[in-house]
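Peer 1: Okay, here's what each chain looks like letter by letter:
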Amino acid sequence: MAFESFYAQFSRKAIRQGDIALCEFHQLRAAGGEPTGPGLDTAANEDLPYLGPHRDYPLVVTRPESATEISRVLRVWTGLAMVIHQNCELDYADPNDSRVIVAPLVSQAMWPQGPWDLIAKNGLPSYFYLPPLTEDEAQDIGLEAAWPESAVAFASTTLLSRGIVKRARVLALSASGVGKLQELLVRFSSVRGWGSHPELERLAGYTIVSAHATGETVAGPAPLAKVVLERDGEPEEITVAWGVRRTGRPLAGPTAN
Amino acid sequence: MPETTLARTPYRDIALQGLTRATATSEDLLRNPWTSTTYHGASPPDWITGSTVGRLDATQQVETIPVFNPRGVCTVTPATWTAIDHLLVAHPGTTFQFVRDVFDTNDALGDPRRFVVAEEDLERSLGTSPVLDVPPKPSSARGRLGELLEWTRLSPAELAPLVGARRRTIYNWLADGAIGRSAEGRILQLHAILEPLARTHDPLLIRAWLGRGDPNPADLASAEQWVLLNAGVRQELQPLVPVEAVIHPSPYEDDAQTPTARRAALLAFAAPPARAPQPRAGWRPREATGIEADASDD
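Chains A and B are the protein sequences, given in the same order. Numbered by the numbering used here, the letters in the first sequence go through residues 140 to 396 in order. Numbered by the numbering used here, the letters in the second sequence go through residues 17 to 314 in order.
Isolated chain A, as found in the complex:
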């Protein structure tokens, strides 16, 4: 992937979708009973990305209706995060709305046990692959160091204030990079995985409740349809791509959601 068409310098004027900031991001947690992750490097595995070092800040939250005090923990990381807030929402938000949605970045170096062979092909719906840059390439777009092979962790999305993000930006996606980001965001919110034929066969016996076109297509192009299934009162939903490959083999099996 040619980096020139993927990265760009960020706009000085306004925050845009695809901007990458070096700042804090967080998770509000219960004071006890939570799994240890995400956070500790020892907790990271193939399914749980390591987002870098963090710090926990105990909080006491008072519920306004009852004055009840609740203990919470704010886990804060410092690292890179990408703005995934839609540009339209950024432009037309109320002037007093300071919120912006970001998703942290993980690097292959920080998270070596991650499934990078799949991530590099954008093969996992919850990651958006970011190609590496050499030091020279990075300097051409204003970065102070080489950019490692990395990815946006959609499942770790959180909310920051514009004031934090705007001043901390270091890089941005190009227009085509943003297009890819948007495509994968849609996929992240609608696709759990690409099913195999054995999984399709597992659905034998389900009743089709409804089917409707999504308006989306996958490479082919093949239109996508949502099919709602039901068996013994348990609903299931799959997305079916209606297309035929050049090989003559079916394009894809179902995606469960």
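Just so you know, these hints were derived from the structure itself, not from any lab. Any given hint might turn out to be false.
Over the 10 Å line for every Cβ pair with chain B, so calculated as not near, a few chain A residues [unchecked claim]: (1) Leu198; (2) Pro203; (3) Ser295; (4) Thr356; (5) Leu363.
Under 8 Å between C-beta atoms, here's a sample of chain A residues computed to sit facing chain B [stated by the list, open to error]: (6) Thr181; (7) Asn184; (8) Ala248; (9) Met249; (10) Pro251; (11) Gln252; (12) Leu257; (13) Pro264; (14) Leu282; (15) Glu283; (16) Ala285; (17) Pro287; (18) Val309.
A few chain A residues facing chain B, derived, Cβ under 10 Å [said to hold, decoys possible]: (19) Ala183; (20) Ser246; (21) Gly262.
In this text, a Cβ means the ideal position worked out from N, Cα and C, and glycines have one as well.
Assemble the complex: chain A is given as a structure, and chain B must be docked to it using the hints.
Peer 2: Coordinates of chain B only, in the frame set by chain A:
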């Protein structure tokens, strides 16, 4: 003339805070460059851009003056200000972000006209707002109705729903017509709630505030939601301060501004963690990807 560097003035030392109807002269500016938010000039200050501030010199020529750097330190040449006969815009400690709104107050019969300039990246602090001198309260409901018109710059037709009346009724009241007890109660209530705002805010800003939000304060007054309206006033009374001034200082945030710190962070992003467990043998993603099977097909 040597340059003089003025450190950011502590907020508590600012006498006139936020978007007030205060005015200042160039002498005020010399004493404290952050003491006013209003501008007297012959034309709208549409030439204000970014972090520069324009001024009119003695010959009415527009000049721009770079003022505050991002750290909130103001560097001025004293001679720069002496030629200013009309002050432009200033906020305590502000870094002059992009101008968001320029209100023409339309309250001068000729030049100089008066403008109020609102900037981006300002927010309400938790402090208290300064109080300006206000004339003694009129005792009658009619007098207070007149004040409401003055404070809000609303027309009688616009003010009417706020006090549960029709436009013609407002004119009747102002022309010595009798005001019923119910209407009088609403006028007094609205007057009492808006009075603190009138002490600190330009009428044009109050007018703009009345129409801001959903429901907006005007809606709340029309619906006699006095508690909510009062809460809105209290919020509006919090002084405006630059956003940067209320963000908790963070060494990291400061560091992030420097190339060295950014480089260090990028290097850390490309560095392995202290501990990285070995990948689990036989691990497969829980979601089917189809990628491996596809690769050979394409």
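Peer 1: Work down the list of hints and note, for each, if the structure agrees.
Peer 2: Checked hints:
no.	hint	verdict
1	Leu198	holds (14 Å)
2	Pro203	holds (13 Å)
3	Ser295	holds (15 Å)
4	Thr356	holds (16 Å)
5	Leu363	holds (14 Å)
6	Thr181	holds (6 Å)
7	Asn184	holds (7 Å)
8	Ala248	holds (5 Å)
9	Met249	holds (6 Å)
10	Pro251	holds (5 Å)
11	Gln252	holds (5 Å)
12	Leu257	holds (6 Å)
13	Pro264	holds (6 Å)
14	Leu282	holds (7 Å)
15	Glu283	holds (4 Å)
16	Ala285	holds (7 Å)
17	Pro287	holds (4 Å)
18	Val309	holds (6 Å)
19	Ala183	holds (7 Å)
20	Ser246	holds (5 Å)
21	Gly262	holds (4 Å)
Of the numbered hints listed earlier, not one is contradicted by the structure.
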